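Protein chains in written order, with our numbering: chain A, 1 to 387; chain B, 1 to 387; chain C, 1 to 387; chain D, 1 to 387.
Take these hints with a grain of salt, some might be off.
The list makes no distinction among identical chains, and a pair is therefore deemed to hold if it is satisfied within one copy or across any two copies.
Once the Cα atoms are required to be at most 25 Å apart in a straight line, the calculated DSS-like pairs of lysine-lysine come out as [claimed, not checked]:
1. Lys191 to Lys51
2. Lys307 to Lys272
3. Lys129 to Lys343
4. Lys51 to Lys4
5. Lys4 to Lys58
6. Lys192 to Lys272
7. Lys127 to Lys307
8. Lys191 to Lys58
9. Lys307 to Lys245
10. Lys4 to Lys191
11. Lys127 to Lys272
12. Lys127 to Lys348
13. Lys343 to Lys191
14. Lys129 to Lys154
15. Lys348 to Lys179
16. Lys191 to Lys69
17. Lys129 to Lys348
18. Lys245 to Lys154
19. Lys343 to Lys384
20. Lys272 to Lys179
21. Lys347 to Lys120
22. Lys179 to Lys384
23. Lys51 to Lys348
Hints were generated in silico from the structure; no laboratory data involved.
This one's a predicted model, so the numbers in the text were calculated from it and none came from an experiment.
Protein chains: 4
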Amino acid sequence: MARKIRMGMIGGGPGAFIGEVHRKAARLDGQIELVAGAFSIIPEESTQMGKELGIDPKRAYLTAEDMLKGELALPADQRVDFVAICTPNFTHFPLARDFAEAGFHIMCEKPMTISLEEAKQLEEVVKRKGTVFGLMHAYTAYPMVKLARDLVAKGELGTIRKVMVEYAQEWLSQPVERKGNMQASWREDPKKSGAGCLGDIGTHAANLAEYITGAQIQEVLGEVSTFVEGRPIDDDINVLLHFNKGVRGTLQACQVAVGEGNDLAIWVYGDKASIEWHQQDPNYLYFRPYSSPEQLMVRGSAYIAQKSPAAARASRIPAGHPEGYIEAFANHYVNFAEQIRAKIEGKKPDAFALDLPSITEGVRGMAFIDAVLRSGRTGNVWVKMPV
Amino acid sequence: MARKIRMGMIGGGPGAFIGEVHRKAARLDGQIELVAGAFSIIPEESTQMGKELGIDPKRAYLTAEDMLKGELALPADQRVDFVAICTPNFTHFPLARDFAEAGFHIMCEKPMTISLEEAKQLEEVVKRKGTVFGLMHAYTAYPMVKLARDLVAKGELGTIRKVMVEYAQEWLSQPVERKGNMQASWREDPKKSGAGCLGDIGTHAANLAEYITGAQIQEVLGEVSTFVEGRPIDDDINVLLHFNKGVRGTLQACQVAVGEGNDLAIWVYGDKASIEWHQQDPNYLYFRPYSSPEQLMVRGSAYIAQKSPAAARASRIPAGHPEGYIEAFANHYVNFAEQIRAKIEGKKPDAFALDLPSITEGVRGMAFIDAVLRSGRTGNVWVKMPV
Amino acid sequence: MARKIRMGMIGGGPGAFIGEVHRKAARLDGQIELVAGAFSIIPEESTQMGKELGIDPKRAYLTAEDMLKGELALPADQRVDFVAICTPNFTHFPLARDFAEAGFHIMCEKPMTISLEEAKQLEEVVKRKGTVFGLMHAYTAYPMVKLARDLVAKGELGTIRKVMVEYAQEWLSQPVERKGNMQASWREDPKKSGAGCLGDIGTHAANLAEYITGAQIQEVLGEVSTFVEGRPIDDDINVLLHFNKGVRGTLQACQVAVGEGNDLAIWVYGDKASIEWHQQDPNYLYFRPYSSPEQLMVRGSAYIAQKSPAAARASRIPAGHPEGYIEAFANHYVNFAEQIRAKIEGKKPDAFALDLPSITEGVRGMAFIDAVLRSGRTGNVWVKMPV
Amino acid sequence: MARKIRMGMIGGGPGAFIGEVHRKAARLDGQIELVAGAFSIIPEESTQMGKELGIDPKRAYLTAEDMLKGELALPADQRVDFVAICTPNFTHFPLARDFAEAGFHIMCEKPMTISLEEAKQLEEVVKRKGTVFGLMHAYTAYPMVKLARDLVAKGELGTIRKVMVEYAQEWLSQPVERKGNMQASWREDPKKSGAGCLGDIGTHAANLAEYITGAQIQEVLGEVSTFVEGRPIDDDINVLLHFNKGVRGTLQACQVAVGEGNDLAIWVYGDKASIEWHQQDPNYLYFRPYSSPEQLMVRGSAYIAQKSPAAARASRIPAGHPEGYIEAFANHYVNFAEQIRAKIEGKKPDAFALDLPSITEGVRGMAFIDAVLRSGRTGNVWVKMPV
């Protein structure tokens with residue numbers, strides 16, 4: 001084995017959800033080792049987390065600034081290769097910018113920034129510096145999503161006509177942000193999150209629809225709603241979509257959907273077949289050819305490899321042995337690590353490794369947020385996405 | 001038993017789908033007998049169908065006009081009590097008007113007419129004549145839909161926030177109307193159907209959403225699409241809905257959804273619980289209380305009766321013995337027959353019997369079609385429904 | 001239309017479950033009319049039921065004996081063509097024998113009798129008299145069961161290896177027979193029912209397995225259990241099965257399965273494919289070819305007709321419009337009525353009409369009960385079925 | 001953090017399935033590091049695998065014997081704490097015995113040995129040496145299985161009456177062992193595997209049933225079948241089970257079940273409620289109280305913690321974010337590592353850590369195999385399990 005890729009983390013302190021997922025995902029395939037972090041803005045928590053993780057105490061930094069300096073002070077062959085940014089949205093931009101400028105690669109949580117303007121600035125940095133940039137739209141890392149994309153690309157669905165994508169969660173159906181839920185409190189503060197439901201889960205849905213269909217959203221008509229009284233930000237969005245290639249669609253995201261866990265689902269209708277996929281049961285893809293029995297495709301089955309080498313490669317264990325969310329996450333880390341390794345070795349990463357949401361998807365996500373918010377504020381009119 | 005209610009039918013000739021469903025549904029519970037009909041505009045087919053059905057040959061009429069005259073010429077105690085109108089949309093209005101004016105009760109297929117104007121005229125006749133009028137929005141006759149309505153009405157979901165209703169079919173995904181499909185050919189002719197997908201299945205979805213929530217659609221923003229080339233009418237609609245009581249919603253109907261049979265489904269989200277129901281698996285209702293295990297309610301179960309007497313009454317057999325579409329249809333016929341019987345006996349029908357879509361729902365359906373079409377034609381702006 | 005087939009009913013009084021299902025099923029397709037009955041052993045209930053059903057009061061008999069005499073006294077062209085026997089098990093034999101001897105055709109509830117001896121005697125009568133005999137194993141009337149049978153028969157599954165059939169109900173998990181449940185009280189009395197769970201639902205499962213596979217059970221090893229204390233009859237059975245053609249299987253029936261409605265399900269494994277069917281969701285058949293995506297076949301779909309004309313014929317409405325238990329029941333009545341009609345017209349019924357469980361299945365069912373009980377009583381040894 | 005637990009692996013060479021799962025599972029939670037291995041009996045493969053895994057080349061041993069010697073030659077603070085045995089069944093016993101005798105802890109694949117005699121010998125060693133012994137019955141590590149066990153233990157199901165456990169796989173439905181499938185070839189050789197389907201998956205099913213119910217199998221009546229011609233070992237078993245506490249059950253395992261992936265499922269019926277769980281959809285547990293709506297419990301939900309602290313603890317991410325097979329595996333590794341750590345620190349492991357299949361389950365599994373084989377060979381009679 002070539003050496004492991006060295007990871008630093010910003011965020012992911014005690015009690016964090018997504019930071020811990022990043023760590024587990026990064027560990028799973030044995031290619032990455034976590035060697036540094038600024039885990040919390042509370043100093044003792046960062047120290048404590050570093051200890052729990054078995055990190056050299058000197059590299060359990062108290063702030064991201066310290067970490068930047070500290071890592072730069074190390075010899076290049078000890079320095080982290082990349083930082084994973086797992087902090088509230090408003091910090092993504094300055095952190096990503098500064099670490100990218102300093103020559104580190106970046107794995108960034110979504111939404112990428114809190115404004116389209118920031119996103120474009122970051123894009124400039126990343127392109128200029130040649131940063132390997134991963135954006136954690138985890139859902140496109142599921143094998144059956146890759147299969148869906150490849151079935152579309154190979155024409156198995158015929159001409160795509162319509163896409164429905166829906167994302168429903170219960171967890172913000174009560175004003176938990178005012179009741180001590182740390183993950184909710186910054187999300188429901190527009191200054192810290194940029195957008196509510198739209199940014200938190202709506203962008204996942206838009207990204208998933210574009211990924212699978214290979215079509216691009218060109219204009220949106222969105223209704224942006226807040227159901228929980230006193231909440232200063234959206235908790236429900238309904239959007240009509242016009243893609244290129246004549247595709248039409250609808251996108252709904254709702255964080256006040258009582259009874260739903262993390263129900264992201266997509267339907268793509270072509271003139272020859274349709275597909276349906278549900279994140280909560282990610283090992284299955286329903287494929288429905290015209291006037292024929294529905295086919296249930298199962299991750300890890302032998303017949304997947306011919307239809308989608310990417311789906312087969314993103315799968316670790318045979319059909320019937322379910323994989324989940326952490327494995328999906330880890331798939332993105334595999335590709336991200338391969339890109340970094342290629343960079344180190346001065347090679348070009350292969351097409352599999354490049355199958356990773358990146359700065360482009362990040363800018364598109366912010367443009368989507370921007371367009372839907374503008375549509376919502378102007379009486380639900382059609383708003384064009386930047387090309 | 002009091003005498004059976006006497007039924008006449010217009011439409012439902014050889015090969016008809018919905019006319020035959022009306023006949024089976026009317027027979028199922030033994031309260032109605034079919035004694036007359038004008039089954040087809042092809043004379044020999046009407047005669048033949050009358051023969052097959054064991055109807056007095058004199059009452060297997062060649063035209064609806066003949067039937068009207070013929071029945072009026074009979075003694076009142078032999079005459080049909082009502083006519084079931086199972087013909088293409090554009091004939092509903094003149095037939096319903098004429099038979100209602102002549103004193104017959106009416107069971108009418110949906111959409112009720114081909115214009116809002118016609119609908120209002122028919123409403124005037126029906127109200128003036130005291131006609132018992134049933135409109136075959138069959139889906140509200142399912143027991144679990146009645147349970148859903150009653151759960152909402154009793155506050156089990158709390159304050160309703162959002163409704164999603166979706167209706168997807170495959171059958172018009174190819175231009176079958178140009179390939180000899182009789183049921184498609186008139187439906188895809190705007191002069192005969194009034195609206196396409198919007199009228200054929202969109203109105204079912206709207207009716208279902210209003211029935212379950214008890215809220216009324218006040219304004220719509222609709223996109224009206226045609227995917228099959230050369231088709232002069234819509235085959236897909238996406239609609240944003242504003243109900244009264246602060247409820248928001250989305251409605252999608254699509255007849256080019258390759259791979260879907262007759263997939264009408266609804267989700268209603270309150271602040272305390274949500275429900276989900278699928279027409280294709282109608283014996284189940286999912287009830288999801290906040291932060292609690294999802295409950296699967298099954299038609300015919302003992303616990304249904306307390307929650308919804310109407311659901312229990314609309315159910316014929318115990319849980320685990322599935323009921324289907326014909327039974328739902330028959331439920332509307334039961335209530336319709338009871339209303340007629342009450343009229344005959346000079347009594348007031350009870351609340352159960354009145355649980356039947358009628359002229360009011362028919363007018364609302366046409367107003368919905370009208371509003372969505374106007375929204376679609378004017379760049380997808382909000383259009384108010386008449387109060 | 002030829003005249004309707006005239007039905008008489010024994011049993012099916014107020015509050016009856018299965019008698020009412022027989023009536024609805026017989027009505028559904030408009031080929032049969034109920035004209036006489038001895039509905040209850042309580043005279044006023046029989047009279048009352050006759051009235052509710054709109055039957056000539058003279059033909060709402062107080063006893064089955066009266067009915068036999070009364071009908072024989074009528075002119076042949078008014079007399080019932082057949083009687084439907086919907087009474088407790090112990091009365092099936094004398095009723096069926098007497099009416100068959102008198103020249104009436106019989107539709108009989110299962111299990112056919114309460115002993116194998118009775119079953120053989122009845123077989124003798126039925127064969128001698130040329131009685132059209134239908135045994136209401138309703139589950140083989142479902143279209144998707146017919147499709148399953150035809151897929152097996154056409155070799156789509158390859159050589160059949162193993163069958164699993166399971167039937168689970170909750171309703172006898174408490175001693176409801178001692179708490180006034182009328183349907184339970186005679187069932188749990190061995191003198192009236194012959195066998196408990198084994199006879200009530202076990203025979204359905206065995207019949208279904210033989211019907212679909214086309215193989216015959218040759219020997220059984222059964223465990224016969226009673227879980228509810230003080231119950232003098234079995235409420236759970238587990239059986240190992242040896243069929244001819246090298247097929248092995250297991251059969252489980254349980255009426256103390258808390259939480260289950262009427263969960264009859266079957267899996268058939270061949271060396272090329274397998275199938276799975278659930279009575280509670282009867283419109284679906286899962287077909288699983290080796291190393292390929294599972295196919296979901298849906299009743300009423302266009303592709304069914306080529307695979308199974310019998311399934312297509314047993315279906316009334318298109319895919320997506322669910323059919324249920326009453327429709328299955330009615331399918332048996334359709335075939336039964338056609339057999340009677342053929343008899344009346346002196347023709348041979350076609351193969352479709354002959355697809356009806358009859359006296360042979362009745363004798364096999366009793367032999368199955370007999371063999372399992374003997375196995376259970378002798379320490380769970382293998383017991384041969386009579387050939 | 002205390003230091004990581006040091007792992008050595010035997011088996012898990014290139015192309016191995018289960019060895020790789022062990023590695024990923026051991027990595028996931030960051031408590032264990034793989035530092036040594038004898039990965040393959042082909043020397044260059046072991047070397048190569050060590051390289052890929054980033055292991056010190058000196059510790060990528062060519063044989064298990066070398067590894068034993070090599071590790072013992074290292075200072076205690078570098079030596080592996082335990083070995084994971086991921087080799088064909090017939091090697092489990094000598095390997096486990098020798099490493100346990102040398103003072104190493106053991107994580108062993110199942111079935112534990114190839115005979116009951118070996119199992120007992122191993123038990124003696126393990127007990128004498130105080131070895132921390134984990135047996136990889138991975139399925140009891142799923143959170144919802146732990147929830148099921150705790151619901152039973154708390155009496156939520158009432159008195160348990162019946163258990164059904166089924167395990168169906170397709171992969172041996174063809175004679176793949178003669179077509180180069182490496183994983184099949186040793187499994188279908190009785191000398192190398194001890195038992196076929198019975199040992200490979202039947203023991204999982206038996207273990208799962210005992211774990212959830214807390215009852216013990218006391219006698220078995222088994223049919224042991226081979227469907228694939230020429231195969232010298234069983235590929236299908238059907239077993240009747242008598243547990244203590246009056247519980248009865250059935251167990252079926254089949255590796256010729258065309259169309260099934262890895263379909264392990266269990267139903268437990270009590271007199272108050274029942275549960276159902278499917279390994280292929282492991283995040284869900286169906287709980288069915290008597291005469292009440294079925295409840296769907298979802299891993300990661302807030303309400304789980306009160307019902308089952310063990311289920312909550314075995315879960316990494318919130319409801320709606322699915323976990324899978326590797327996570328289950330990792331749960332056993334978490335407990336195993338905690339037991340080792342307790343041993344190192346001279347503490348008693350807590351009850352959570354002890355929730356791990358161990359030598360006792362291993363002996364029981366071999367006793368189960370032994371009893372079923374004997375029953376199968378003697379005409380399917382009841383055979384008692386040793387107490």
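Going down the list of hints, with the structure as the test:
For the identical chains of this complex, Lys191 and Lys51 are neighbours neither inside a copy (32 Å) nor across copies (49 Å), given an alpha-carbon limit of 25 Å. Taking identical chains as interchangeable, the C-alpha atoms of Lys307 and Lys272 lie at most 25 Å apart whether they share a chain (17 Å) or sit on different chains (22 Å). Taking CA atoms no more than 25 Å apart as the test, Lys129 paired with Lys343 passes inside one copy only; the shortest distance there is 12 Å, against 51 Å between copies. Proximity of Lys51 and Lys4 under a CA criterion of 25 Å is satisfied in both settings, with 21 Å inside one chain copy and 12 Å between copies.
Taking CA atoms no more than 25 Å apart as the test, Lys4 paired with Lys58 passes in both settings, with 20 Å inside one copy and 19 Å between copies. When the C-alpha separation of Lys192 and Lys272 is checked against a cutoff of 25 Å, the pair qualifies neither within a copy, at 45 Å, nor between copies, at 28 Å. Taking the shortest Cα distances, Lys127 and Lys307 never come within 25 Å of each other, neither inside one copy (33 Å) nor across copies (51 Å). For the identical chains of this complex, Lys191 and Lys58 are neighbours neither inside a copy (33 Å) nor across copies (55 Å), given an alpha-carbon limit of 25 Å.
For the homomeric pair Lys307 and Lys245, the shortest alpha-carbon distance inside one copy (23 Å) is at most 25 Å, but the shortest distance between copies (38 Å) is not. With identical chains, the CA atoms of Lys4 and Lys191 are never at most 25 Å apart, being 38 Å at best within one copy and 41 Å at best between copies. Within a single copy, Lys127 and Lys272 get their C-alpha atoms no closer than 40 Å, and across copies no closer than 48 Å, so neither meets the 25 Å cut-off. Taking identical chains as interchangeable, the C-alpha atoms of Lys127 and Lys348 lie at most 25 Å apart only when both belong to the same chain, with a minimum of 16 Å there against 55 Å between chains.
With identical chains, the CA atoms of Lys343 and Lys191 are never at most 25 Å apart, being 36 Å at best within one copy and 50 Å at best between copies. When the C-alpha separation of Lys129 and Lys154 is checked against a cutoff of 25 Å, the pair qualifies neither within a copy, at 35 Å, nor between copies, at 60 Å. In this homomeric assembly, Lys348 and Lys179 never come within 25 Å of each other (Cα to Cα): the closest approach is 49 Å inside a single copy and 38 Å across copies. For the homomeric pair Lys191 and Lys69, neither the shortest alpha-carbon distance inside one copy (27 Å) nor that between copies (62 Å) is at most 25 Å.
Taking identical chains as interchangeable, the C-alpha atoms of Lys129 and Lys348 lie at most 25 Å apart only when both belong to the same chain, with a minimum of 16 Å there against 54 Å between chains. Proximity of Lys245 and Lys154 under a CA criterion of 25 Å is satisfied intra-copy only: 15 Å inside one chain copy versus 44 Å between copies. Proximity of Lys343 to Lys384 under the C-alpha cut-off of 25 Å is found in neither arrangement, the shortest distances being 36 Å within a copy and 59 Å between copies. Proximity of Lys272 and Lys179 under a CA criterion of 25 Å is satisfied inter-copy only: 17 Å between copies versus 50 Å inside one chain copy.
When the C-alpha separation of Lys347 and Lys120 is checked against a cutoff of 25 Å, the pair qualifies neither within a copy, at 27 Å, nor between copies, at 56 Å. In this assembly of identical chains, the alpha carbons of Lys179 and Lys384 never lie at most 25 Å apart, being 38 Å within a copy and 39 Å across copies at closest. In this homomeric assembly, Lys51 and Lys348 come within 25 Å of each other (Cα to Cα) only across copies, at 23 Å, whereas the closest approach inside a single copy is 37 Å.
Of the hints listed earlier, those the structure fails to meet are numbers 1, 6, 7, 8, 10, 11, 13, 14, 15, 16, 19, 21 and 22, in rising order.
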